[in-house]
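Enquirer: Here's the letter readout for the chains.
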Amino acid sequence: EPEVTQTPSHQVTQMGQEVILRCVPISNHLYFYWYRQILGQKVEFLVSFYNNEISEKSEIFDDQFSVERPDGSNFTLKIRSTKLEDSAMYFCASSQGADSPLHFGNGTRLTVT
Amino acid sequence: GEDVEQSLFLSVREGDSSVINCTYTDSSSTYLYWYKQEPGAGLQLLTYIFSNMDMKQDQRLTVLLNKKDKHLSLRIADTQTGDSAIYFCAENADSWGKLQFGAGTQVVVTP
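Order-wise, the sequence lines are chains A and B. Letter 84 of the first sequence, counting from 1, is numbered 84 in the working numbering, and no numbers are missing. Letter 30 of the second sequence, counting from 1, is numbered 30 in the working numbering, and no numbers are missing.
Just chain A, with the same shape it has in the complex (with noise of 0.2 Å):
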């Protein structure tokens, strides 16, 4: 069964260095999102995209995070100046279409040092 596939497994940086989070959706989806969870709660939506470009974001999506589809297969989530805070599992997700069911990745954990 295809599946949503995300690199590295454990990121760990320092606090102030860029990050990129690498996720391959399922080939035929064309709606993918970004999930993260912070140890001990809830998991949080983080942004959905289409069409090459954002769709809906939280508001913990600022500034210093951004998205981008670079080729036809990757997806990635960058932040820009990591922050102490940002350690969570960050979890991608793809869907074929609007209004179905989101396949999740088996996430990247992020440990900000």
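Rather than coming from a laboratory, the hints here were simulated on the basis of the structure. Even glycine gets a Cβ: it sits at the ideal position worked out from N, Cα and C. Be careful, since some hints might not be right.
Here are the computed lysine to aspartate or glutamate pairs in the EDC-like style, where the Cα-Cα straight-line distance is at most 20 Å [said to hold, decoys possible]: (1) A:K42 / B:E38; (2) B:K36 / A:E3; (3) A:K42 / B:D94.
Part of the chain A face toward chain B, derived, beta carbon under 8 Å [said to hold, decoys possible]: (4) P2; (5) P101; (6) F104.
Sample of chain A residues with no beta-carbon within 12 Å of chain B, all distances over it, derived [said to hold, decoys possible]: (7) E3; (8) S27; (9) S48; (10) R80.
Chain A is fixed; fit chain B onto it per the hints.
Expert: For chain B alone, kept in the frame of chain A given last:
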């Protein structure tokens, strides 16, 4: 605002049925989901139900939806040790892809 609540822990004996409950607040939800997360793994879509349905069955899984009470449940028949995981309830109240998750119910299956 929207909120999704779940009990945090459920212990069940192998072979018994598990029932995981969830309540939500937003009546405009169109889909309600159950995701499973095993240790170190991602969120696996288990099943989902349209808001105009009240029951959906898929092999050992039965989802019941009570829209009046805003209550969703997941029943796992003949629970196995491989069913030990965290189960998340989620709804898409605001927009299609913006899911609101519960905190997750940790299910522990004992022999």
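Enquirer: For E3 (chain A), is the shortest beta carbon distance to chain B beyond 12 Å?
Expert: violated, 9 Å
Enquirer: Return the status of the interface hint for P2 (chain A): holds when the least beta-carbon distance to chain B is below 8 Å, violated otherwise.
Expert: P2 (chain A) check fails; min Cβ-Cβ to chain B is 12 Å, beyond 8 Å.
Enquirer: So, P101 (chain A) near chain B? Judge it on the closest CB pair being under 8 Å.
Expert: Holds: closest Cβ of chain B sits about 5 Å from P101 (chain A), inside 8 Å.
Enquirer: Over 12 Å to the closest beta carbon of chain B is the bar; see if S27 (chain A) clears it.
Expert: Holds, because the least Cβ-Cβ distance between S27 (chain A) and chain B comes to about 17 Å, which exceeds 12 Å.
Enquirer: Given the hinted pair K42 (chain A) and E38 (chain B), is their Cα-Cα distance within 20 Å?
Expert: holds, 16 Å
Enquirer: Does the structure keep K42 (chain A) and D94 (chain B) at a Cα separation of 20 Å or less?
Expert: Judged against 20 Å, a Cα distance of about 17 Å means the pair holds.
Enquirer: Does S48 (chain A) sit more than 12 Å from chain B, CB to CB?
Expert: violated, 4 Å
Enquirer: Per the stated criterion, does the least C-beta distance between R80 (chain A) and chain B lie above 12 Å, as a non-interface residue requires?
Expert: Holds, since 23 Å exceeds 12 Å.
Enquirer: Can you confirm whether the C-alpha distance between K36 (chain B) and E3 (chain A) stays at or below 20 Å?
Expert: holds, 15 Å
Enquirer: Does F104 (chain A) pass the interface hint, meaning its C-beta sits closer than 8 Å to a C-beta of chain B?
Expert: With a minimum Cβ separation of about 4 Å from chain B (threshold 8 Å), the hint on F104 (chain A) holds.
Of the hints listed earlier, those the structure fails to meet are numbers 4, 7, 9, in rising order.
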